[in-house]
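Visitor: Take the sequences, apply the hints, and build the full model.
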Amino acid sequence: MVGVTDIKFLSPENLLNLATDVVPLLIMAVGMTLVIYIGSIDLSSQSVANMATVLATVTLPVAGAASALVVMAAGLLFGAVSGIVTTRLKVPSFIATLAVGGIALSVAQYVSGQQALHMDAGQRNHAFGWMQGSTAGIPHELVLALVIVGVAWFIQNRMTAGRVLKAIGTGEPVAVASGIRVERYKILAFALSGMFAAIAGLMFSVKLSGGSPTLAEGFLLPAIVAVLVGGTPLTGGVGGVMNTLIGTMIVAVVRASMLYLNIPATGQQIFFGLVLIVAIATTIDRSKMRIVK
Amino acid sequence: MTQRLTMENLRKWVPLFVLIGLVLFFTAVNPNFLSLRNFARIAISSSPALMVATGVTFVILMGSIDLSMEGTIAVCAVLFALMLNALGGSLSGAGWLAIPGALLIGAVLGAVNGLIHVKLKIPSFMASLSLGFVGIGLSLLITGGDRILIEDPIFRSLLTVRVGGFPLMAWAALACLLIAWFIQDDTTVGRNFYAVGGGEDLARASGLNTGRLRVTGFIVAGIFYALGAIFAVARLGIAETETGQNFMFVSITSVVVGGTSLSGGSGGVWNTLVGVLIVNVIGNGMVVVGLPDYFQDGVLGLLVIAAVYLSTDRRSLFFVK
Numbered sequence: 119m120v121g122v123t124d125i126k127f128l129s130p131e132n133l134l135n136l137a138t139d140v141v142p143l144l145i146m147a148v149g150m151t152l153v154i155y156i157g158s159i160d161l162s163s164q165s166v167a168n169m170a171t172v173l174a175t176v177t178l179p180v181a182g183a184a185s186a187l188v189v190m191a192a193g194l195l196f197g198a199v200s201g202i203v204t205t206r207l208k209v210p211s212f213i214a215t216l217a218v219g220g221i222a223l224s225v226a227q228y229v230s231g232q233q234a235l236h237m238d239a240g241q242r243n244h245a246f247g248w249m250q251g252s253t254a255g256i257p258h259e260l261v262l263a264l265v266i267v268g269v270a271w272f273i274q275n276r277m278t279a280g281r282v283l284k285a286i287g288t289g290e291p292v293a294v295a296s297g298i299r300v301e302r303y304k305i306l307a308f309a310l311s312g313m314f315a316a317i318a319g320l321m322f323s324v325k326l327s328g329g330s331p332t333l334a335e336g337f338l339l340p341a342i343v344a345v346l347v348g349g350t351p352l353t354g355g356v357g358g359v360m361n362t363l364i365g366t367m368i369v370a371v372v373r374a375s376m377l378y379l380n381i382p383a384t385g386q387q388i389f390f391g392l393v394l395i396v397a398i399a400t401t402i403d404r405s406k407m408r409i410v411k
Numbered sequence: 348m349t350q351r352l353t354m355e356n357l358r359k360w361v362p363l364f365v366l367i368g369l370v371l372f373f374t375a376v377n378p379n380f381l382s383l384r385n386f387a388r389i390a391i392s393s394s395p396a397l398m399v400a401t402g403v404t405f406v407i408l409m410g411s412i413d414l415s416m417e418g419t420i421a422v423c424a425v426l427f428a429l430m431l432n433a434l435g436g437s438l439s440g441a442g443w444l445a446i447p448g449a450l451l452i453g454a455v456l457g458a459v460n461g462l463i464h465v466k467l468k469i470p471s472f473m474a475s476l477s478l479g480f481v482g483i484g485l486s487l488l489i490t491g492g493d494r495i496l497i498e499d500p501i502f503r504s505l506l507t508v509r510v511g512g513f514p515l516m517a518w519a520a521l522a523c524l525l526i527a528w529f530i531q532d533d534t535t536v537g538r539n540f541y542a543v544g545g546g547e548d549l550a551r552a553s554g555l556n557t558g559r560l561r562v563t564g565f566i567v568a569g570i571f572y573a574l575g576a577i578f579a580v581a582r583l584g585i586a587e588t589e590t591g592q593n594f595m596f597v598s599i600t601s602v603v604v605g606g607t608s609l610s611g612g613s614g615g616v617w618n619t620l621v622g623v624l625i626v627n628v629i630g631n632g633m634v635v636v637g638l639p640d641y642f643q644d645g646v647l648g649l650l651v652i653a654a655v656y657l658s659t660d661r662r663s664l665f666f667v668k
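Chains A and B, in that order, are what the protein sequence lines are. In terms of the numbering used here, the first sequence opens at residue 119 and continues consecutively. In terms of the numbering used here, the second sequence opens at residue 348 and continues consecutively.
If you are wondering where the hints come from, they were derived from the structure by calculation, not from laboratory data. Don't be surprised by glycine CBs; every beta carbon is placed ideally from N, CA and C. Any given hint might turn out to be false.
[What the hints assert, rightly or not] When the alpha-carbon atoms are kept at most 25 Å apart in a straight line, the in silico PhoX-like pairs for lysine-lysine are as follows:
| hint | chain 1 | residue 1 | chain 2 | residue 2 |
| --- | --- | --- | --- | --- |
| 1 | A | K208 | A | K284 |
| 2 | A | K208 | B | K359 |
| 3 | B | K468 | A | K284 |
[What the hints assert, rightly or not] Residues from chain A shown here face chain B by an in silico Cβ test under 8 Å; the list is partial:
| hint | residue |
| --- | --- |
| 4 | I221 |
| 5 | G385 |
| 6 | I402 |
Guide: Okay, here's the thing in C-alpha cells:
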C-alpha cells in the first residue's frame with residue numbers, strides 16, 4: 119500500500135535499510151518468543167538491553183571483542199534469575215521479570231554513573247568494526263541477525279529443549295505428568311531470552327557507538343507486538359521463531375510507512391498499543407483459560 | 348489449629364513490623380531521619396503514590412492486575428492542567444471543574460481498560476500494559492512533549508500550606524484513603540471484590556455478575572489514578588508525560604509489599620498504606636543514610652520478589668505462568 123504512494127519505498131536499498139534498522143528489535147523479539155512460547159512473558163528485555171549497552175561500552179576498553187561475551191553472560195544470568203524466581207519461588211512471570219528489570223536498571227545506572235557513555239571509535243572499529251561493514255551490498259549486521267535467528271530456530275525445532283518448550287506451552291500439566299523436568303527448561307527459556315536481549319543491546323550500542331541506562335527505551339512494546347503479530351499467542355504452544363521474523367518485518371514496514379506518511383512517533387505508540395490488543399484478542403487460545411484474570 | 352491461627356495473625360502484621368524496623372534502623376544510622384521535617388518529606392512523596400497504589404489495590408484484590416497507570420496518570424495530569432488553565436487558571440473560579448473533569452477522564456480510561464479485559468477476554472496484565480502505552484502516546488500527542496506549568500496559588504497550597512507540620516496534600520490523601528476504606532469494607536461492590544478474588548467460580552455460581560464487577564474495579568482504580576495524577580501535579584507544579592513515570596513499578600511494589608496477595612482475595616487498602624510507607628521510607632532512608640538513589644529500583648525489585656514469595660499460598664498452586 120505504501121509502495122503505491124511512493125515508489126521509492128520498494129527500492130532494494132530502502133528495503134535493505136529497513137531490514138538493517140530493525141536488527142536489534144528482531145533479536146530481542148526472537149528471545150521473547152521463546153518465553154511467550156511456553157506461555158509466560160518477559161518484561162525485563164528492555165532493561166536487560168539497556169544494561170547491555172552500558173556494560174558493552176564500559177568493558178570495551180578493557181576486554182576488546184571479549185566484551186561481547188561479558189555482555190552475553192550478564193544477559194544469560196539475569197534471564198536465569200527471572201526463570202528461577204518464576205519457577206522455584208512461584209512468582210508470576212510478568213511480576214518476576216518486572217522486578218528483575220528493576221534490578222537490571224539499577225545495575226545499569228550504577229555502572230554508567232547515570233550518564234550517557236561513548237565508545238572510543240578506534241576501539242569500537244577494532245573489536246566490532248566487522249559488524250558495520252557489508253559484503254556484496256548486504257550489511258553484515260543483517261547476516262549476523264539471520265544467523266542468530268537460525269540458531270534460535272535450530273534450538274526450537276531440532277533440539278530436545280525446543281520440543282520440551284513446545285510441550286510446556288501446549289499443556290504444562292501434561293508435560294509435568296510425562297516426567298519432564300519442566301522447571302529446568304523454563305529457566306532455560308528465560309535465560310535465553312535474557313541473552314538475546316543482551317545481544318540486541320550490544321548491537322544497538324555498537325550501532326550508536328555508546329551506551330546509557332535509557333538507550334533501548336521504547337523497545338519493549340514493538341518487541342511484544344512483533345511476537346504476537348507474528349502469530350505466537352500469549353498462551354504459547356504454537357508459532358515460534360520464524361513467525362516472529364515475519365512479525366518483526368510487519369512492525370518494521372508499519373513503522374517505516376508511518377514515517378513516509380508523516381505520522382509522528384507518538385502516533386506510532388498509540389497504534390502499536392491498539393494493534394497489540396487486537397493481536398492478543400484474535401490469537402489467544404481461550405480453551406486454556408477457564409477464568410481470565 | 349490455634350498454632351496456625353497465630354501464625355496467620357502474625358503474618359498479617361509482618362509488613363507493619365518491617366516498617367517499624369526500617370524506621371528504627373534508619374534512625375539508628377542517622378538520627379536526622381526521625382524528625383517532623385523528614386516525615387513531612389516522606390508524606391509528600393507518598394501522597395501521589397498512595398492514591399495510585401490504593402487504586403490498583405482494588406484490581407489486585409480481584410486477582411487481576413493493572414499496569415496502565417503510567418499512561419492513565421500522564422493523560423489525566425496533562426488534561427487536568429489544560430482544563431485548569433483554560434477555565435481561568437484558578438481553583439477559586441471555574442477552574443475547580445478541572446478536578447471532577449480529571450476524575451471523569453480517569454474513570455473513562457479505567458472503563459475502557461476493564462471492558463477490553465472482560466469483553467475481549469484478554470489477561471488483564473496484557474490489556475492494561477497495552478493501554479498504558481496508548482495512554483503515554485496520547486499524552487505526548489496532546490502536549491507535543493511540552494510541559495504545562497500551573498501557578499495557581501490555591502492549587503499549590505496543597506503543597507505549601509501545612510497543618511500540624513504536614514502539607515495539605517498528605518491530609519487530602521488520607522481522606523481519600525478513608526473513602527477507599529469505606530468502599531472496600533462497607534459497600535456491596537467492595538465486598539464483592541473479595542468474593543471474586545477469593546474464588547471466581549464460587550462468586551459466579553452464587554449469582555454475581557463478575558464481568559460487570561471487574562469493569563467496576565477498573566473504573567474505581569482509574570478514578571484513584573486521576574487523584575494520584577492531581578497530587579503529582581500539585582507536588583511539582585508541572586504536568587507532562589513524564590508525570591506518570593515510575594508509578595507502575597512503585598505502586599505494584601507497594602501493594603505487594605503491604606501484604607495484599609497477587610492471587611487476590613486478601614489484603615486491602617490499609618495494607619497498601621503500610622506498603623507505600625515502606626517503599627517511601629526505604630527511598631528516603633537510603634538518601635538520608637547516604638546511598639545513591641539509583642539503588643532504589645534494584646532494592647524494590649528484590650523486595651517485590653521476596654514479598655510475593657512470602658505471601659503466596661503455594662498449596663493452592665499447581666503451576667505458575
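Visitor: Okay, which hints does this one fail, numbers in order?
Guide: Of the numbered hints given earlier, the structure breaks none, since each of them holds.
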